[in-house]
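**Q** What follows is each chain in one-letter form.
There are 4 protein chains.
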Amino acid sequence: MINTKYKARKPVQKRGIITRKKIIDAAVDEFTEKGYHNTNAMAIAIKAGVATGTFYSYFNDKKDIMIEIIKVIYADLSKKTLVDFQVTVSDNAMENYKECRRVVQYMIDIFHTAYVERPRLFEQIYAMVILDKDIYQVNREERHKIFTQLMFNLKDYADYIKVKDIETASRLLFISGDEIVRSIQLLSKEDDRKKMLNEFVAMACKYLMLPEE
Amino acid sequence: MINTKYKARKPVQKRGIITRKKIIDAAVDEFTEKGYHNTNAMAIAIKAGVATGTFYSYFNDKKDIMIEIIKVIYADLSKKTLVDFQVTVSDNAMENYKECRRVVQYMIDIFHTAYVERPRLFEQIYAMVILDKDIYQVNREERHKIFTQLMFNLKDYADYIKVKDIETASRLLFISGDEIVRSIQLLSKEDDRKKMLNEFVAMACKYLMLPEE
Amino acid sequence: MINTKYKARKPVQKRGIITRKKIIDAAVDEFTEKGYHNTNAMAIAIKAGVATGTFYSYFNDKKDIMIEIIKVIYADLSKKTLVDFQVTVSDNAMENYKECRRVVQYMIDIFHTAYVERPRLFEQIYAMVILDKDIYQVNREERHKIFTQLMFNLKDYADYIKVKDIETASRLLFISGDEIVRSIQLLSKEDDRKKMLNEFVAMACKYLMLPEE
Amino acid sequence: MINTKYKARKPVQKRGIITRKKIIDAAVDEFTEKGYHNTNAMAIAIKAGVATGTFYSYFNDKKDIMIEIIKVIYADLSKKTLVDFQVTVSDNAMENYKECRRVVQYMIDIFHTAYVERPRLFEQIYAMVILDKDIYQVNREERHKIFTQLMFNLKDYADYIKVKDIETASRLLFISGDEIVRSIQLLSKEDDRKKMLNEFVAMACKYLMLPEE
DNA sequence: AATGAATGAGTGTTCATTCAT
DNA sequence: CATGAATGAACACTCATTCAT
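If you read the sequences in order, they're chains A, B, C and D.
In terms of numbering that gives the first Met the number 0, the first sequence has 170 at position 171, counting the first letter as 1, and numbering is strictly consecutive.
In terms of numbering that gives the first Met the number 0, the second sequence has 104 at position 105, counting the first letter as 1, and numbering is strictly consecutive.
In terms of numbering that gives the first Met the number 0, the third sequence has 186 at position 187, counting the first letter as 1, and numbering is strictly consecutive.
In terms of numbering that gives the first Met the number 0, the fourth sequence has 21 at position 22, counting the first letter as 1, and numbering is strictly consecutive.
What the hints contain is simulated information worked out from the structure, not anything from laboratory work.
These figures come from a predicted structure and were not determined experimentally.
Take the hints with a grain of salt, since some may be wrong.
If chains are identical, the list can't say which one is meant, so a pair holds when it fits in one copy or spans any two.
Unchecked claim - DSSO-like, lysine-lysine: derived pairs with alpha carbons at most 30 Å apart:
{"#": "1", "residue 1": "62", "residue 2": "194"}
{"#": "2", "residue 1": "194", "residue 2": "154"}
{"#": "3", "residue 1": "132", "residue 2": "193"}
{"#": "4", "residue 1": "97", "residue 2": "20"}
{"#": "5", "residue 1": "163", "residue 2": "132"}
{"#": "6", "residue 1": "193", "residue 2": "79"}
{"#": "7", "residue 1": "163", "residue 2": "205"}
{"#": "8", "residue 1": "78", "residue 2": "33"}
{"#": "9", "residue 1": "61", "residue 2": "78"}
{"#": "10", "residue 1": "188", "residue 2": "132"}
{"#": "11", "residue 1": "188", "residue 2": "161"}
{"#": "12", "residue 1": "61", "residue 2": "132"}
{"#": "13", "residue 1": "154", "residue 2": "144"}
{"#": "14", "residue 1": "205", "residue 2": "97"}
{"#": "15", "residue 1": "205", "residue 2": "61"}
{"#": "16", "residue 1": "20", "residue 2": "33"}
{"#": "17", "residue 1": "194", "residue 2": "132"}
{"#": "18", "residue 1": "13", "residue 2": "46"}
{"#": "19", "residue 1": "132", "residue 2": "78"}
{"#": "20", "residue 1": "193", "residue 2": "46"}
{"#": "21", "residue 1": "144", "residue 2": "188"}
{"#": "22", "residue 1": "62", "residue 2": "188"}
{"#": "23", "residue 1": "13", "residue 2": "161"}
{"#": "24", "residue 1": "154", "residue 2": "188"}
{"#": "25", "residue 1": "188", "residue 2": "163"}
{"#": "26", "residue 1": "46", "residue 2": "62"}
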């Protein structure tokens, strides 16, 4: 069977753009409520108030729309959080320690907030990241953009940071922090979750600000 | 989680036990090669050299065998790693620091080794943990057993460890370490992976051994 | 999506063999009545009195069953027609001419009869032969078997046949005869059809028995 | 076959005629490349550089454009080949034999050339002729026009042709020749193809010029 | 106990055609 | 007139599970 695909319509008319948006919103709702594997294109279409064919005009398949959702989510996250974040570098060590804490705390908060706002959706994304190479790739690229900006903030502290390899350090904190945020959602008590986040920030600061062994 | 199902046969005869084992092994192979969602009961049965009906004599469904696999894997892991691990507590601070390093390193190694030996299988488990409540529950229980034993080793150091809440600290290290181990598999260079693990151990030791702020 | 196929069950139990036969018969009926492109797997299954899934247990797809049908048809044809065909070579030229006529006539008759018995089915096969490489290949192989046997009969006449290249001659007659048989079905009058067949036999005999220019 | 449809626009303006032509050309390309059943209206429209809606302004459906293509192709063929073909009837038998050969050869060449120039397209047409009554009807009518003209040429030879029923003879040669031309495309060697064509011309001449048995 | 045949609801996907802009 | 967005019935195919032998 020859490939006849001229797929994934890029809407040019205003109506098309609106429809595309409606479908994405419906997909977010469905994935959140039922999970990626427990919903289907038809259900998404119905929720969006369009025909199944319309879904497939805009997206090649279910995976395609998941990828689009990931892009939209991280774009929103980046826009909301990183725009006006400013770092103040002081001469006072204590001030700097506090400020560093604030940076790390901020990094955690970004992902924590995102996760807390849509935990079910993020869970689906995390699982898909594991299960699918393409989803993994897209997720990685989108997170890398945010990661790069966080790196940039840490660099202002270069003089006060005692770890030698700042890049590896950033990566380590990024991965750990990201996972801590995800894992603590599974804790039942709000108290436990806070304790864990605080502990992580403490660990990160000690690690960054204290001299190498 | 109360299991109301009664169907799955518990083999008592030797032949039954062997058949059950063959099916589990086949399922491990299939999940590893194709992933949980891309495998079906028939494929597992064929690989095990039994009829599809036989599969359903021993397991209620696909999820049931996944749960069984998780139990077997962690039981093996626990048996292999924790049996003869011994900690030496000294009076010398430097020695203790080294020994602490060894403990943390060991903890990392356990999961690192397990992951490295069957990365594809562990990926599937991690994803299922997110996607399915029952799998999550079983995974949590099994890991808790190992976690408890690691905790026990850390407690020997109570006097030399400066963090106040040793339980939260253990949990933090457990989650972070576990995720670091998983994430570094995605790094392409062996060097980068080693660097990240070393960095984690350094962070953990600093965090544990240095006085609270 | 990884290929999980363990398809096209080869029935081992008696029940399976009967079911397979029922499905083939139903497919012949459907293709004959509605044409290959106007029927579907489900309709075939229903006509066979089985579930759609059962259809796909025995055949990978619609094309697969078409191939099977072609094989069965030509096998039957070969069995029915070529078993007891005997050629008598005489010293008398007139007798030989008549006998030759008989051979050519026989060749025509085989395919004519087959076509006339199931014209709608053969039309579908002919069309599929054009449209699909795999079908073309299978059809070619099956016809080649019959062709080879016809060739063998013509060879008894080697001394009385005046064309130099007997193989090309055989092929030419095979292709022409085959197509004449097909084309005349489109003629509305039985008389016209007979006339055309007779004319073809005349042409073939003249061509074969008369000396080269 | 009475066409009760009224939808398809008959363009009168120059722009409309050009658009219609563009769509037909695109359809020819698509049918040639992918085959009739693997092409859809949208693909044709895109290739023609128009909207799908425009396609349906000019043609009622996919079949409609196929019919149009058949008409155009045979009209072109007729125009190109039959316009200036002249037959010279001589008193010399040898000359006449040669001339007859030329006529038959010419007939073959017309279809051979047409087929060779667009084999994939003609295959599609041949298949559609079998599968669809309307296509069959149109094809028959168009070919009949050419056939009539060829007949006309053969009639100049009436005195030198020994077959009684010249109409049946013409038909026979027409069908056989047509199919030979189609079938030899499947032979891999150019040599074999030539041999078969020569053989056919030889057979036709013998048949036509030699006295009835 | 074991087999493997049978089930059928469900899924992703296509495309000829219509219609609002 | 032209556009391209929207439709939705239809189809090929899958697979967890049951059941007759």
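**Q** Quick one: residue 188 to residue 163, C-alpha cut-off 30 Å, is that within a copy, between copies, both, or neither?
**A** between (37 Å within a copy, 20 Å between copies)
**Q** Between residue 13 and residue 161, at a C-alpha cutoff of 30 Å, which is it: within one copy, between copies, both, or neither?
**A** neither (53 Å within a copy, 61 Å between copies)
**Q** Classify it for me, residue 188 with residue 132: is the Cα-Cα distance of at most 30 Å met within a copy, between copies, both or neither?
**A** between (34 Å within a copy, 18 Å between copies)
**Q** Indicate which option fits the pair residue 132, residue 193 if close means a Cα-Cα distance not exceeding 30 Å: within, between, both or neither.
**A** So residue 132 and residue 193 pass the 30 Å test across copies only (23 Å; inside, 33 Å).
**Q** Please sort residue 62 with residue 194 into within, between, both or neither, judging by C-alpha distance up to 30 Å.
**A** neither (37 Å within a copy, 34 Å between copies)
**Q** Indicate which option fits the pair residue 188, residue 161 if close means a Cα-Cα distance not exceeding 30 Å: within, between, both or neither.
**A** Answer is between: at 25 Å across copies they meet the 30 Å cutoff, but 35 Å inside does not.
**Q** As a check of your reading, is residue 20 near residue 33 (CA-CA no more than 30 Å) within one copy, between copies, both or neither?
**A** within (20 Å within a copy, 34 Å between copies)
**Q** Since the copies are identical, ignore which copy is meant and state whether residue 154 and residue 144 lie within 30 Å (CA to CA) inside a copy, between copies, both or neither.
**A** within (16 Å within a copy, 41 Å between copies)
**Q** Classify it for me, residue 61 with residue 132: is the Cα-Cα distance of at most 30 Å met within a copy, between copies, both or neither?
**A** Classified as both: same-chain Cα gap 15 Å, cross-chain 23 Å, threshold 30 Å.
**Q** Up to 30 Å between alpha-carbons, please classify residue 62 paired with residue 188: within, between, both or neither.
**A** The answer is between: 28 Å across copies meets 30 Å, while 34 Å in one copy does not.
**Q** Should residue 154 paired with residue 188 be assigned to within, between, both, or neither, using CA atoms and 30 Å as the limit?
**A** Classified as between; 24 Å across copies, 35 Å inside a copy.
**Q** Which holds for residue 132 with residue 78 at a C-alpha limit of 30 Å: within a copy, between copies, both or neither?
**A** within (26 Å within a copy, 33 Å between copies)
In the structure shown, a violation is registered for the earlier hints numbered 1, 4, 5, 15, 20 and 23, in ascending order.
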